[in-house]
Amino acid sequence: MKARYRRFAWIGLGLAAVGIAVALVLSAFRSNLVFFFTPSQVVAHEVPQSRPFRVGGLVEAGSLRRDPGSLTVHFLVTDTAKTIPVTYTGLLPDLFKEGKGVVAQGRMGPDGAFHATEVLAKHDENYMPPEAKSAIEQAQRGPESMPSLHEAQAR
Amino acid sequence: MIPELGHFALIVALLVAIVQGVVPMIGAARRDSALMAVAVPAARAQFALVALAFGCLAWSFVTSDFSVQNVAVNSNSHLPLQYRFAATWGSHEGSLLLWALMLGGWGFAVSVFSRNLPQVLRARVLAVMGLVAIGFLLFMLAASDPFLRLVPVPPEGRDLNALLQDPGMVVHPPMLYMGYVGFSVAFAFAIAALIGGKLDASWARWSRPWTTVAWSFLTIGIALGSIWSYYTLGWGGWWFWDPVENASFMPWLAGTALIHSLAVTEKRGAFRSWTVLLAILAFSLSLIGTFLVRSGVLTSVHAFATDPARGTFILGFLAIVIGGSLTLYAFRAGAVGAGGDFAPVSRESMLLGNNILLVIALASVLLGTLYPLFIDALKLGKISVGPPYFDSVFYPLMAPMIFLMGVGPIASWRKARIPDLWTRLRWAAYVAAATGVLAPFAMGRWKPLVALGLLLAAWVAAATASALLQRLRAAPQRGIVAKMRANSPAWYGMLLAHLGVAAFIVGVTLVKGYEVERDVRLDVGQGVEVGGDTYTFRGIVPQAGPNYDALVGTVEVTREGRHVATLKPQKRTYRASGEVMTEASIQSGILGDHYVSLGEPVTAQGTSGAWAVRIYVKPFVDWIWFGCLLMALGGFTAIADRRYRLALRHKFAGVLGAAARGAT
Numbered sequence: 001m002k003a004r005y006r007r008f009a010w011i012g013l014g015l016a017a018v019g020i021a022v023a024l025v026l027s028a029f030r031s032n033l034v035f036f037f038t039p040s041q042v043v044a045h046e047v048p049q050s051r052p053f054r055v056g057g058l059v060e061a062g063s064l065r066r067d068p069g070s071l072t073v074h075f076l077v078t079d080t081a082k083t084i085p086v087t088y089t090g091l092l093p094d095l096f097k098e099g100k101g102v103v104a105q106g107r108m109g110p111d112g113a114f115h116a117t118e119v120l121a122k123h124d125e126n127y128m129p130p131e132a133k134s135a136i137e138q139a140q141r142g143p144e145s146m147p148s149l150h151e152a153q154a155r
Numbered sequence: 001m002i003p004e005l006g007h008f009a010l011i012v013a014l015l016v017a018i019v020q021g022v023v024p025m026i027g028a029a030r031r032d033s034a035l036m037a038v039a040v041p042a043a044r045a046q047f048a049l050v051a052l053a054f055g056c057l058a059w060s061f062v063t064s065d066f067s068v069q070n071v072a073v074n075s076n077s078h079l080p081l082q083y084r085f086a087a088t089w090g091s092h093e094g095s096l097l098l099w100a101l102m103l104g105g106w107g108f109a110v111s112v113f114s115r116n117l118p119q120v121l122r123a124r125v126l127a128v129m130g131l132v133a134i135g136f137l138l139f140m141l142a143a144s145d146p147f148l149r150l151v152p153v154p155p156e157g158r159d160l161n162a163l164l165q166d167p168g169m170v171v172h173p174p175m176l177y178m179g180y181v182g183f184s185v186a187f188a189f190a191i192a193a194l195i196g197g198k199l200d201a202s203w204a205r206w207s208r209p210w211t212t213v214a215w216s217f218l219t220i221g222i223a224l225g226s227i228w229s230y231y232t233l234g235w236g237g238w239w240f241w242d243p244v245e246n247a248s249f250m251p252w253l254a255g256t257a258l259i260h261s262l263a264v265t266e267k268r269g270a271f272r273s274w275t276v277l278l279a280i281l282a283f284s285l286s287l288i289g290t291f292l293v294r295s296g297v298l299t300s301v302h303a304f305a306t307d308p309a310r311g312t313f314i315l316g317f318l319a320i321v322i323g324g325s326l327t328l329y330a331f332r333a334g335a336v337g338a339g340g341d342f343a344p345v346s347r348e349s350m351l352l353g354n355n356i357l358l359v360i361a362l363a364s365v366l367l368g369t370l371y372p373l374f375i376d377a378l379k380l381g382k383i384s385v386g387p388p389y390f391d392s393v394f395y396p397l398m399a400p401m402i403f404l405m406g407v408g409p410i411a412s413w414r415k416a417r418i419p420d421l422w423t424r425l426r427w428a429a430y431v432a433a434a435t436g437v438l439a440p441f442a443m444g445r446w447k448p449l450v451a452l453g454l455l456l457a458a459w460v461a462a463a464t465a466s467a468l469l470q471r472l473r474a475a476p477q478r479g480i481v482a483k484m485r486a487n488s489p490a491w492y493g494m495l496l497a498h499l500g501v502a503a504f505i506v507g508v509t510l511v512k513g514y515e516v517e518r519d520v521r522l523d524v525g526q527g528v529e530v531g532g533d534t535y536t537f538r539g540i541v542p543q544a545g546p547n548y549d550a551l552v553g554t555v556e557v558t559r560e561g562r563h564v565a566t567l568k569p570q571k572r573t574y575r576a577s578g579e580v581m582t583e584a585s586i587q588s589g590i591l592g593d594h595y596v597s598l599g600e601p602v603t604a605q606g607t608s609g610a611w612a613v614r615i616y617v618k619p620f621v622d623w624i625w626f627g628c629l630l631m632a633l634g635g636f637t638a639i640a641d642r643r644y645r646l647a648l649r650h651k652f653a654g655v656l657g658a659a660a661r662g663a664t
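Taken in sequence, the protein lines are chains U and G.
Note that our numbering numbers the first sequence so that position 57 is 57, with each residue one more than the last.
Note that our numbering numbers the second sequence so that position 249 is 249, with each residue one more than the last.
Some clues are possibly wrong.
Claimed, not checked - Calculated Cβ distances over 10 Å to all of chain G for the following chain U residues:
#, residue
1, Ala17
2, Ala21
3, Ser50
4, Ser70
5, His74
Stated by the list, open to error - Below, computed lysine-lysine pairings styled on DSS-like, alpha-carbon distance capped at 30 Å:
#, chain 1, residue 1, chain 2, residue 2
6, G, Lys198, G, Lys379
7, U, Lys82, U, Lys100
8, G, Lys415, G, Lys379
9, G, Lys483, G, Lys267
10, U, Lys97, G, Lys568
11, U, Lys100, G, Lys379
12, G, Lys379, G, Lys267
13, G, Lys379, U, Lys82
14, U, Lys97, U, Lys82
Hints are computed from structural coordinates only; laboratory data are not their basis.
Values in this document were obtained by computation on a predicted structure and should not be read as measured data.
We treat Cβ as the ideally placed atom computed from N, Cα and C, and that holds for glycine.
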C-alpha cells in the first residue's frame, strides 16, 4: 500500500508541476502574443490601441525619408489598397528596400503613424514575408474573404 | 557521369536499406542466426553507398558542374573552395543527403562497436536504423533528387545564399545533424527493446554512450549555430527563439532528459518505460525539426523548400515513425516492467524532478513554436509568439531544475536524508548566497534577476566542487592521483557538464543584465561613448573580396585615451547575386565583447559621409558558448568510462581462460 500512496503522491506532484506550467504558459500567452494586421485593417481602426502588433506590406516606392541628424526614418507601408505611415529609429535591415516586402512591429502613435520598434525584412531578395504577402492578397480579394483572429474573437 | 553514379548509388543504398530493415528483423523473430547476420554487412554497405553518393554530389559542387540543377542553383564558380564544398548541404536536397549520410555513419558505427551486444538486439537495432534510412532515401529519390540534371546547361551558377557563405556553414550543419541523427541510435535501441520486451540495466548501459555522444554533438551544433547568428545577422543576439532554433532545441531538451533518465535505468533499473518514451520522443522531435525546417512550413533563412509534395511526404513519414513507435510503446510498455522503489528524497526523485521540468519546458517550447502554425492553418489570422513568451515561461521552469542540479549528484540512491544533504551542501549554499548578493555590485548595478542568475550559477558550481572534494576526501587511496583515479570518467563527465551549465548561466545572466545596444549616427572622425568606451568612426574604404565587394569601416575603440581595439565592420555586396550582407566586427574577451556593425550611409554624400552604426557591448557573452563546449566535453569524457567496454573485456577474458584451459 505504501508504494501505491507514494506513486499517487508523485502523480500529484507531477500534475501540480503541469498546472503551474500551464498557468505560466497562459499568462505568458496573454501578454506576449503579437497579432498581425494589414494596413487596411489599421486604416479601418481594427487594431488594438494599447498593445503592440505587427503590420506588413510593401514599402511604397519613393516614400523613404530620413530625419537629418538622427537615425529616424519615415516610410509608407501599403497593401495596395490602403497605406499607412511608419516611423522607426535605428538601423534598417540589409534587405529593407523601397518596393519590397516588410513587416514591422510596434504600436500606433498619437500622431496617427505606426511607431515601429522592430523592422523585419528577410534574407532573400525575392522573398516576401508571408505576412506581407497575405496582407496584399487579402487587400486584393477584399477585406471580408479572410477573417482575422481579431474578428473571430469579436464575433 | 559522376552525378549519375551518385544517383545510382542512392538507388542501390535504398535497396540495401530495405534488406537491412527487413531481413534481420525476420531473423530476430525466428532466432535465425544467418538472417540476423545480414544486419552488419548491410549497414556497412548502406553507409558506403550513401557516402559514395555524397562524395559524387560534393564533387559536382567542387568542380562546379552546372549541369546539375542543385549545383546551378546553389553554387557559383567564383565561390571559394570551402563554400563550394559546404554548398553540398546548402540546399534542401543536399541537406537531406547529409542526413542520410549521418544516419549511415551512425549505423556503421553501431555495426563496429556492438560486438558485445546480444545478436538479437544488435540485429534489431540495425534493422530499425535501416527502416529509418528507407524513409529518407525514398524521400530523396521520389521528391528531392539532388542529382537532377539541367538542360540546357547554364554557363554560371546562381550562387550560394550570401548568408550561408560563412565558416559557420562548414561546421554547423554537420555537427547539428550528427546530433539530430545520433538520436536515431537511442531510438533504435528503444524500439528493439520494446519488440524484444527485454529492457534491463545492461540495455541501458549499451544505449547510454550512444545517446551521450549524440547529445554532445547536438550541443556543439546548437552552440555553433548560436555563435554564427551572433556575428552574422548583425543583431548581436545569441538566441532568438526562432522556430528553427527551437526545432533544434526541443530534441536537445528531450535528449538531456533522456541521458538523465538512462542513468537511473542503468543504476537502479527504474524509469524503464519512461526512458523508452523519451528515446522515442527525442528522435521524433529530431524528425519534427527536420519537417519544420525543411518543408517550408516555417519561413526563415533555413527554409529553402516550399514544395507541398515534400511536406506531405515528410508528414506521412513522421506519422508512420511516431505513430508506429507510440503504438508499439502502448502495447509493449507493460512488458518492460517497473523498476526499484525509491524514497521522496533520493537521487531518483531528483532526477525525476529534472525530467519532469525538462519535459514541461519542452512542451512549452513546442506550444510556442507550433501555435502560430495551427492558428495560421485554421485561417484564424496570423500571430507571432516572440521571445518574451519563451523567456517568461522558460526561466521560471529552469530555476528549480538548476537547484536540483546541485543536490542530485550528492544525494544517495534509494533514500537520502535532508540533514545529511544540508551538511554536505552547506558551503555551496553560503557561497551561492554570497555571490548572489555581492557579485552584481562588481558589475556596477544591483539587479534582482542578475542576483538570482548568479546565485544559481554559483550554486551549481559550488555544489559540483563540493561533490568533487567530498568524494576525493572519502576515497581510501593515498595521494591525489590515486584518489582521482578512484572515480569514473562518467562521473567527471557529469561534473564537467554541470560546470558548463554554471558557465552558461553566468553568460546568459550577465549579457541579459548589462548589455548595451546603441544605434548611432556617426560622421567621419566623430566619436560616441558606449559602456565607458569611446567608439570613433574613421571612415569607409572599399575592398574587394574573392566573390564580393566590401565597404570596410574602421572604428577605433579607446578607454580614457588608451587604445582598446580597432574594429573593421563590413558591408558586402556579393557579385553573383547582388545580395548585401553585413559583417559585424567583434573584439572578444573573457569579460565581454565589443561589437560593431554597419548600417547604411545616412547623408547625401553617400559612403563618404555619415553612417548609421550599431554598437553593442556584450559582457561575458562568450561564457555562453564556453559553457556549451564544457557540456559537450563532459559528454565525451563520460563515454570514456571503462564499464561501457567491460563486457567486451569479460568476453575476451573468457576466451583467454578457455584457451588456457585447453592448453593445459
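Here's how the hints hold up against the structure:
no. : hint                : verdict
1   : Ala17               : violated, 5 Å
2   : Ala21               : violated, 4 Å
3   : Ser50               : holds, 16 Å
4   : Ser70               : violated, 6 Å
5   : His74               : holds, 13 Å
6   : Lys198/G - Lys379/G : violated, 47 Å
7   : Lys82/U - Lys100/U  : holds, 16 Å
8   : Lys415/G - Lys379/G : violated, 53 Å
9   : Lys483/G - Lys267/G : holds, 23 Å
10  : Lys97/U - Lys568/G  : holds, 25 Å
11  : Lys100/U - Lys379/G : holds, 25 Å
12  : Lys379/G - Lys267/G : violated, 50 Å
13  : Lys379/G - Lys82/U  : holds, 22 Å
14  : Lys97/U - Lys82/U   : holds, 19 Å
In the structure shown, a violation is registered for the earlier hints numbered 1, 2, 4, 6, 8, 12, in ascending order.
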